[in-house]
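Enquirer: With the hints as a guide, bring the two chains together.
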Amino acid sequence: MIAHIFGDLCNGCHDCVTACPTHVLDPGAQGGTPVIARLDQCQTCFMCELYCPQDAIFVGPDQTRAETIDPAAIKASGLLGQMRRDHIWDAPPGDPAPLSEYWRLGPLLAGGAQIAAERYARRHAQAPPA
Amino acid sequence: MHPPDIETDVLVIGGGMAAAWAAIGAARGGAAVVLVDKGFVGTSGVTATAGPGHWWVPPDPGLRAAAIEKRRRIAFGLAEQRWAERVLETTWRSLPQLAAYYPFSRDGTGATFYAGVRGPEYMRALRRHALDLGVRVLDHHPALELLTHRDGSVAGAAGYARLLRRPWTIRAAACVLATGGCAFRSGLIGSHTNTGDGYLMGAEAGAELSGMEFSTIYTLSPAWCSTRTLPYTAARFFDTAGAELDIPPPMADRDHHRALAKAMLEGPVYADLSEAPEALKPILRRIQPATIAPFERRGVRLFEDRFEVKLFGEGTIRGTGGLRIVDDDCQTTVRGLFAAGDAATRELVVGASSGGGSPNSAWALTSGQLGGAAAARLARTQGRRASEPAHGQGRAGLRPTRAARAVDEGAAIAAVKDEMLSYDKAFWRRRATLEAARARLDDIWAEIDQHRHANCLDQVAARETASLVATARWSTGAALARHESRGLHARADAPDLAPDGARRLLVAGLDKVWTRFETPPGQALPSEAAA
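Note that the protein sequences, when read in sequence, are chains A and B.
When we follow this note's numbering, the leftmost residue of the first sequence carries the number 36, and every step to the right adds one.
When we follow this note's numbering, the leftmost residue of the second sequence carries the number 3, and every step to the right adds one.
In isolation and in its complexed conformation, chain B is listed as follows (with noise of 0.2 angstroms):
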């Protein structure tokens, strides 16, 4: 192994809004901090390209309590109320704290708005914020592997520097895993680089996995380019022959996009934006200028001409599936290391529907600072052990199990947008064509694991390309194993809910993909069903 090129307490593996609040957490906590990004800390990510609302509510019981009621009633049994209590406790507090960083404005009864932030803005503000705090912020350092212990526990990670082109190695006594979800390359904007890096680091390191069959939803985009989607709330839809389609409102929310869906299977669908609310109309520029480029620059006319749209799917940065968290500080099954954003499961705060908006910006924001302060108590109690040996455990890509060979590998991403972001395949999902897509990527994965042999920098895009895969694989397996239909999780052979469905089911497994459903806490279940 490459002699390590920095020691340092806490490795922030990620560049978005989870990482740069878990290296704040961290550096607030005492500890040298090495934030490591495989873009840059300030446009990388879907926070950077997006606004982010956060879950925002007063300290006030009665309101805490309503909001929190509200997100039960939709979390299917897979929520916690205390995890959720943490998270806007920590939200309340934390926001304010960047008004050094962030120009809050008011709002319209003339007190600041902290709720909602843009992203180009916010992740500048988070970037100055952590760097003032003494972290070091390396960008274009992807990390390619986690290193580990004899005794199994997070020793560091390596990775190379794609401006640099060179290798690195970084020794710490814990690390933060935030490196985003995936939305498996289906051209949402800001996700290109969202390919389940972390998902696949933390599993070879032994980390599980949670929720990852919450993984099917989608966002509403002109068909040439992803946007955000604030103008398109109040859109008509048509078919190609002009007739009007009828399609339930966003707020029947899956119903809405099945709706959708079923009508683009059938043919184009085209957008008429013409009773978008009036106020919009004029100041959309000052919300969200990227919203308003990809019209003005193709000559269509946003809120009078129709337009092809289609939908662009999230994955698990809307879906709530990641690396499972096993106790209070945000730690996965590996000990020293935790996981923040939307590497980690959702499922704690918002169960089995999307927390896409506020609740999963508010979690970032918590479980980055929380990950974060407990690695920089884990470093001062046992030190960086940096002495110590420590050996890489990344897999396919990196360490073929036989003889190298060209992988296509465009064939194997083309594979992994079929399996999972085809419409009929997610909004219909079904046991047959679940089991085929489990085979299809089952021997993509192999080939790859058995094969692929990447060097200097080709082996970002070999380990992006494993990633997508292995996230594939994790979300398939977990759609086998949950035979109902639960928030997003929604099987055409199983619609209803079934009565001991109100469990989270665990995933992880390389060579073979198990799936083992948990007992949450309080609960005595007479039997584990085994998948």
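Here chain A stands alone, though its shape is the one from the complex (with noise of 0.2 angstroms):
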């Protein structure tokens, strides 16, 4: 679920409380950092830290409960900005990087059931008859 909006980096231009499906969050007073308003309500999705420009927001890994943070631990962790920068969010239009890999998809999802296939295979062929 979402941790934690740093303040100091964010700009109040209150792209997240937008671009979040799920509507966890409120504006803030006068045009400040947003409020989360309904945690109850997140699905721990990564949106908001993808569209979020300033990098400012951190969602925990657990969607099952409240998680607290350390801030300045997130800070040094490096973690700020992760989806953005894995997903190569800001690429010029037109830009083939972002998504070059991405035909490996399906080839790599087979893979590896092919590769559960061929194990139960030799399971149950080693096992004694019934």
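Keep in mind the hints are simulated off the structure, nothing from the lab.
These numbers were taken from a predicted model, which means no experiment stands behind them.
There are no misleading hints in this set.
As a list, the in silico SDA-like pairs of lysine to any residue whose alpha-carbon atoms are at most 20 angstroms apart:
(1) 514/B x 438/B
(2) 283/B x 135/A
(3) 283/B x 148/A
(4) 283/B x 121/A
Expert: Below is the structure:
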């Protein structure tokens, strides 16, 4: 669940308030840092991080409960902005880099399933007849 | 009724890929289009958080026929070849049209890779394309109910703008419901807002549903966070004592999930991904960044540490049920009301088996454009009819039939989850448990319908709860009426195909849920079974 919005990094653009698909956030007073108003509606989808131009949001990994974090430790961890960097979200239009490996999803998914199928077949070939 | 804020030709309700394609289809047809979404078009729904592959077959008659035949074998008599052909052709023509908005890359052979797209980038592209075509996009404008004319045709919708904190009313010549499926609040990533709102709004206006018994399907994820499944397909599974579990591979489909569910009913199950394809390990981050984060941020080494897993229900998202389609334009039984994507039944293409993955995406793209284009034509031929009287059809949560009083919505949602998602009830359906579920859900529905009265922002939650309960009732009613096992629908007390079971099962009703088998066109059956 969303754990923290860093007030010192936030520029008050409120893009996260709009981008959150589940209406977790309210605008901050006088254009200030948004407020986590409905945490129970957070689905841990990381979309607020992706849409934050300031890398000012940190979403915790657990969707089942609220998480408290140490803001200084999170800043030091280098995880802020990870979602935007991994997506190469701000690449110029037409730049193929963000999705250059994406075609491998299907073959790798099937490759994993093949590994599981062969392992299962081996296991059952070795098993004594019932 | 609040006076209309907007008059338009076509109103699209929903904000995922089907809704965006519907808006694009209607705008290309020359219509003025307004799209209202509960959330934000770009992040809403299960496409935005996923990576939809599309059913993608070149226009070679042999290849197309082979692809359709492969699906026909698992459709169990409920799909139609001509719909498969339409979906394949529309998909093939449509995706390349996004090239100005989506950075298609190359595949391993140097050809452009169109079939699979990553959710956030895809939805951002569809949003931009719709905006460029003049679609008016209203984010955070959840629809609460449909409006109908005196003759029963659809006249628009009303809702509540949740960031602006004010009600809205939109009159339109035609509406496309593209509100997605319902995952019964399982926690499946992207599905929190997929509460079956369109099913309820449609049914209140007189629409019917079909295939709602095909709603038991699950996705494997770490126990603490639902993710996409790419890294897990080679997983080995272990119990708490460290003994390896004998789980059929993912290709075994239902047997894979059943074996996992059986083990999870006995205790925690742990996955070990050390045998995942070596090529995947260094590039997973480049393919699915959001799958890495829940591990990295918890200090779990994805491919080295064992971690607890569970199954997240997909309901009608990767199930196949939804609003019944009665013509080639994706119209429902309500005139002027079209259904697209997971809001509509996908039996036309995939029958009784999941269209999860590529057929569902291709269906969303196709049904959206077909419904949108037909809505635009209807607007052109009949006009907006905006001066005629129109009435809101919403009931539960909005207009209680008896004295308003507090209703325990948390308990209602917990009951829906228990009845619809519990592994034992879903994978091994039986008459006794289904009848108990029906009685429990009927009571909850009556309580909400008679007494829940929400105002302002609270209306959104009230309608979500009502939709969850309504969807659960229709799924349960259909599961009871189909006394056989077919595709996704598995009855432990009727494990075989029934000889006369290759018929679609229709369901609807608010006070009382009804079911009725449909006779497929061209098939003369001696009588219709009432259930």
